[in-house]
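Number of protein chains: 2
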Amino acid sequence: MSITMYSASVPGLLKTLGNMLGWLDKAQAHADARKFDSKNYLQLRLAPDMLPFVKQVQIACDSAKGCARRLGGVEAPVHDDSEQSLDELRRRIRETVAFVESVPADRIVGSEERAIEIPARNREPRRFSGEDYLRHFALPTFYFHATMTYALLRHAGVEIGKADFLGV
Amino acid sequence: MSITMYSASVPGLLKTLGNMLGWLDKAQAHADARKFDSKNYLQLRLAPDMLPFVKQVQIACDSAKGCARRLGGVEAPVHDDSEQSLDELRRRIRETVAFVESVPADRIVGSEERAIEIPARNREPRRFSGEDYLRHFALPTFYFHATMTYALLRHAGVEIGKADFLGV
Numbered sequence: 441m442s443i444t445m446y447s448a449s450v451p452g453l454l455k456t457l458g459n460m461l462g463w464l465d466k467a468q469a470h471a472d473a474r475k476f477d478s479k480n481y482l483q484l485r486l487a488p489d490m491l492p493f494v495k496q497v498q499i500a501c502d503s504a505k506g507c508a509r510r511l512g513g514v515e516a517p518v519h520d521d522s523e524q525s526l527d528e529l530r531r532r533i534r535e536t537v538a539f540v541e542s543v544p545a546d547r548i549v550g551s552e553e554r555a556i557e558i559p560a561r562n563r564e565p566r567r568f569s570g571e572d573y574l575r576h577f578a579l580p581t582f583y584f585h586a587t588m589t590y591a592l593l594r595h596a597g598v599e600i601g602k603a604d605f606l607g608v
Numbered sequence: 441m442s443i444t445m446y447s448a449s450v451p452g453l454l455k456t457l458g459n460m461l462g463w464l465d466k467a468q469a470h471a472d473a474r475k476f477d478s479k480n481y482l483q484l485r486l487a488p489d490m491l492p493f494v495k496q497v498q499i500a501c502d503s504a505k506g507c508a509r510r511l512g513g514v515e516a517p518v519h520d521d522s523e524q525s526l527d528e529l530r531r532r533i534r535e536t537v538a539f540v541e542s543v544p545a546d547r548i549v550g551s552e553e554r555a556i557e558i559p560a561r562n563r564e565p566r567r568f569s570g571e572d573y574l575r576h577f578a579l580p581t582f583y584f585h586a587t588m589t590y591a592l593l594r595h596a597g598v599e600i601g602k603a604d605f606l607g608v
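As given, the protein sequences belong to chains A and B, one line each in that order.
Read the first sequence against this note's numbering and you will find it ends at 608, with the numbers running on by one and no gaps.
Read the second sequence against this note's numbering and you will find it ends at 608, with the numbers running on by one and no gaps.
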């Protein structure tokens, strides 16, 4: 089978989104064992001028959703970023998985040259071909926020390791 | 142009490796401004049982090198992980870029079904098809260590942002 825009995007996104659910389970178990409220994770930051945990998860989800939506040229559900607990973040991830899974492969196959515009605040939107968007924006952004999610949990003492990141 | 195993791997790796050089430049500038020895970055860790900065950079480089080497079925230069300064890490990144650039595209194009084995300590090697290796191991591992490199610098106060991560 030759690689396609679908096989190069959706399976990897789904795999890591599924792995994230496992990290959140371990985060909950860590909170239960130490008897702290797992809501406390949501505002953790690696630096005071970085986005908190809750935003890292939300943006990882939106990166995956945006990738499938833009490459597929389909509508996606809107999320209002109102999550206030690990359970609500788990639901956000599951809804993202369901949406990404719902996009027909044949909508994404052949999207190499699709014109993609990413709105930017206070300046011209960024314009990409479908393939440049995938390799230089969608995948790096998705893995960036997934890794930040992992890093914050790891920094907080949750017992996760590289095998949890890769899901092996 | 249809996506290929080459276009889905090498350009993205090269872009982020180039971006990493920029983060290291800003890390050096931050050290100079605060008058501390930039060697101090090398042993920074987000948690005492995580790998230090120097290893994050080395493994990001090795992930890129390994991806081009394995998908291309070529030999790659060996690195002995002896870097002891930001300058030496910059050289490591530049040598990695030169190697990845040197692999002919037509060696990687068509590698979807190539049998890839990743040795593992104390257990059976992991076996992948070329495409599964790319999407479920090489790219996630590369972006994981690149993001950890970024996270450690950001946590240390270096003035880098998402635009430096993406190189836009």
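Incorrect hints may have been included.
Where chains are identical, the list cannot tell them apart; a pair therefore holds if satisfied intra-copy or between any two copies.
What the hints assert, rightly or not - With a Cα cut of at most 30 Å, we get these calculated DSS-like pairs of lysine-lysine:
| hint | residue 1 | residue 2 |
| --- | --- | --- |
| 1 | 479 | 602 |
| 2 | 495 | 455 |
| 3 | 495 | 466 |
| 4 | 495 | 602 |
| 5 | 479 | 455 |
| 6 | 466 | 602 |
| 7 | 479 | 466 |
| 8 | 602 | 455 |
| 9 | 475 | 495 |
| 10 | 466 | 455 |
Bear in mind the hints are in silico, worked out from the structure with no lab data behind them.
Results of checking the hints against the structure:
Within a single copy, residue 479 and residue 602 get their C-alpha atoms as close as 24 Å, and across copies as close as 26 Å, so both meet the 30 Å cut-off. For a Cα distance limit of 30 Å, the shortest separation of residue 495 from residue 455 qualifies both inside one copy, at 20 Å, and across copies, at 25 Å. For a Cα distance limit of 30 Å, the shortest separation of residue 495 from residue 466 qualifies both inside one copy, at 19 Å, and across copies, at 25 Å. In the homo-oligomer, the alpha carbons of residue 495 and residue 602 lie at most 30 Å apart both inside one protomer (22 Å) and across protomers (14 Å), since each shortest distance falls under that limit.
Taking CA atoms no more than 30 Å apart as the test, residue 479 paired with residue 455 passes inside one copy only; the shortest distance there is 25 Å, against 37 Å between copies. Proximity of residue 466 and residue 602 under a CA criterion of 30 Å is satisfied in both settings, with 14 Å inside one chain copy and 28 Å between copies. Taking the closest pair of Cα atoms, residue 479 and residue 466 come within 30 Å of each other only inside a single copy of the chain (14 Å); across copies the shortest separation is 35 Å, beyond that limit. In this assembly of identical chains, residue 602 and residue 455 lie within 30 Å of each other by CA distance both inside one copy and across copies; the values are 14 Å within and 24 Å between.
Taking identical chains as interchangeable, the C-alpha atoms of residue 475 and residue 495 lie at most 30 Å apart only when both belong to the same chain, with a minimum of 24 Å there against 34 Å between chains. Taking the shortest Cα distances, residue 466 and residue 455 sit within 30 Å of each other inside one copy (17 Å), while across copies they are farther apart (34 Å).
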